[in-house]
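Peer 1: With the hints as a guide, bring the two chains together.
Keeping their order, the protein sequence lines are chains A and B. Residues 0 to 78, numbered by numbering that gives the first Met the number 0, are exactly what the first sequence covers, in order. Residues 0 to 324, numbered by numbering that gives the first Met the number 0, are exactly what the second sequence covers, in order.
By construction, these hints were calculated from the structure, which means they are not laboratory data. Here a beta-carbon is modelled for each residue, glycine too, at the ideal position from N, C-alpha and C.
When the alpha-carbon atoms are kept at most 27 angstroms apart in a straight line, the in silico DSS-like pairs for lysine-lysine are as follows: (1) K2(A) x K15(A); (2) K13(A) x K200(B); (3) K2(A) x K45(A); (4) K36(A) x K200(B).
According to the in silico footprint, chain A covers these stretches of chain B (three or more CB under 8 angstroms from chain A): (5) 53-66; (6) 92-98; (7) 193-199.
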Amino acid sequence: MKKIIKILGTGCPKCKKTIELVENVVAENNFDAEVVKVDDIMDIMKYDVLSTPAVVVDEQVMIKGRVPKREEIVGLLLF
Amino acid sequence: MFEWIESIADWFVYDFLGLLHKTHLAEALHFFIYDTIKILLLLVVIIFFMGIINSYFPVERVRNFLSRNKLYGFEYLMASLFGVVTPFCSCSSVPLFIGFVKGGIPLGVTFAFLVTSPLVNEVAIGLFIGLFGMKITAIYVISGIVLGTVSGIVLQKLHLEKYLTPWVKQILENSKKEQEIFTVEKQPFKERIVVILEEVKTILKGIVPYVVVGIAIGGLMHGYIPSGFFEKYMSKDNIFAVPIATVLAVPMYSNASGILPVVQVLVSKGIPLGTAIAFMMGVVGLSLPEAMLLKKVMTFKLVGIFFGVVTICIILSGYFFNIIL
Numbered sequence: 000m001k002k003i004i005k006i007l008g009t010g011c012p013k014c015k016k017t018i019e020l021v022e023n024v025v026a027e028n029n030f031d032a033e034v035v036k037v038d039d040i041m042d043i044m045k046y047d048v049l050s051t052p053a054v055v056v057d058e059q060v061m062i063k064g065r066v067p068k069r070e071e072i073v074g075l076l077l078f
Numbered sequence: 000m001f002e003w004i005e006s007i008a009d010w011f012v013y014d015f016l017g018l019l020h021k022t023h024l025a026e027a028l029h030f031f032i033y034d035t036i037k038i039l040l041l042l043v044v045i046i047f048f049m050g051i052i053n054s055y056f057p058v059e060r061v062r063n064f065l066s067r068n069k070l071y072g073f074e075y076l077m078a079s080l081f082g083v084v085t086p087f088c089s090c091s092s093v094p095l096f097i098g099f100v101k102g103g104i105p106l107g108v109t110f111a112f113l114v115t116s117p118l119v120n121e122v123a124i125g126l127f128i129g130l131f132g133m134k135i136t137a138i139y140v141i142s143g144i145v146l147g148t149v150s151g152i153v154l155q156k157l158h159l160e161k162y163l164t165p166w167v168k169q170i171l172e173n174s175k176k177e178q179e180i181f182t183v184e185k186q187p188f189k190e191r192i193v194v195i196l197e198e199v200k201t202i203l204k205g206i207v208p209y210v211v212v213g214i215a216i217g218g219l220m221h222g223y224i225p226s227g228f229f230e231k232y233m234s235k236d237n238i239f240a241v242p243i244a245t246v247l248a249v250p251m252y253s254n255a256s257g258i259l260p261v262v263q264v265l266v267s268k269g270i271p272l273g274t275a276i277a278f279m280m281g282v283v284g285l286s287l288p289e290a291m292l293l294k295k296v297m298t299f300k301l302v303g304i305f306f307g308v309v310t311i312c313i314i315l316s317g318y319f320f321n322i323i324l
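Here chain B stands alone, though its shape is the one from the complex (with noise of 0.2 angstroms):
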């Protein structure tokens, strides 16, 4: 599917700027030529599918899903599956939660939304497949939802609403089933893509200068980094490689989705695949500027809580990769 990229590599590395085979310059160009083409053109798309699919779901509709219907323990699932389909800001959640919470959704549920959203998006989706090919992509996807569904089936189970800071109890009390079918806007389809593409284009912004920035120290590594070299330091029978890469990434930003080409690296020479993923998880499933938004609905107790099962699911999942993988 991406020889011609390929191919295009081929002739800037080789023919046009004439570098050798085999050299750690043309290795190290050559990688970065290819990776950068074919991860923003899978961006570019895997960005529009989700926005056409979200144009249609928005997530006032998946509130109002999850609200009205009796789903008989499959809502964690649901809430999960449309936490893939919804692209999320760290900016909304707060509103988020409270608008879910306000609707009578249980609190379990939208943690299982909340869990999900950030994990499972599209851009992930499209360096994923871009960095480890589908398989990986497919791995990753379905243990992301798993993750929000678990996740949220335990939160419930511990009964946090006491967390809560006063206000949101308050909702709480209050709170009542919607009543009301919600209706798609109707608006042609035309117009739609008009808005999907404004939003493509935002979204792109906002991350190609990580991304590529990603991809070029990826290239460096890749380039002057032996392969195997960390095989030594981060065996699949170290133990504690997983649990330490995973509370590593939990406070970064998931703007590092730009660090997503130097894990792929790190992982061809040599680190363990599901302790790769856990790292990924933990980086772009959590990070510290979300904790200090929750603080505003949650107790310091309850972010703490919250945190901490997601990122306990993040490391139990990093071992089984590593066992299955």
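Next comes chain A alone, as it looks inside the complex (with noise of 0.2 angstroms):
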């Protein structure tokens, strides 16, 4: 099934690098999912994240506050 995968943030140098960081995981390992932006600070706010990047996998908050390791996202890729 196609995964929804959201990066919440609003353009800080974090944000901009986990986006990269998700992408990357996608296009090598040919992931069935869609990396969405969300830098609208009213969209971000809907999943009442406190701090900026989030990871969000199929509307559930799985990161928050820092940049992932390019492994995690693999493991949140993967099941």
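Peer 2: Below is the structure:
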């Protein structure tokens, strides 16, 4: 099933890094996933995160406030 | 504690390079090597320990605590104290602000947190210990906490809710106290350490270039500017020195923490410490990028009032330090 992976962030360096990383991981592993950037603060607040960047997989907040590691993203997308 | 670094610097400058004692070049280089090693070590240690504390007190837990408990006036101090242990990234200031408002935390308490969090952070503490020693660092940290608390109380008294942007006002109306009790993620210490070390690496990567350049400039000034040089221009009696230093510092971005080594040299060459502390608080605590971000949730007027109150508090503490130190 196709996964929707959202990156929440208002455009800070850490957020950009996270987007880049997730896009790389998806492309490298041919994951069936769509990467969506969410940079509107009102949309971000719907997920009730207090610190960005945050990674949301299928509407579930999985990581917040830091740039995830490569293996973490792979783990999130595999299951 | 740092004698061994002194010996390394001594060995490198005088034995290895064979430079003569008391020359400008030797003194500048010695200062650079000694300070760089010492400060980088301190930064690693402090960022690591703050990381451990933060791992158990994430900002979600802070919000939950402030939202759920009746604190009888102590909430400003608590918010300020929490600000110390929570690392702050200016890009998170907006989600954090909204999150607090949503959780029913009063505006003033949110401001107390927003003031102290960037002001007293792990990088500033590490640099302060390395450059100014424990006593001055303690003064800086305590005054940062007091400053956040006082600014928060003042801002609350001003009843600023009407100056929030409309959509934030709406959130404010629908806010509710959180009922659930925050449970710390069950995660073994070993796993936490991995994440924390990763964080240490990221933070260091971001600031090391600035800090090293700052120390290099500081080293040059240390070697080439005669001591007492600034006393003529910026004595304690000059009442304009503190406000001017603070106002200059406010727009600067916190990556300017790289200028702390420069400020330390300025102090050693005769600039009063209170003036210098006010300057550094302005640099670390408030910045133009933060103001731009806060514009999304506050009207221009509110951002102005917020920055104004904090700036005044910083100026007052500058005067205060010049009197007592």
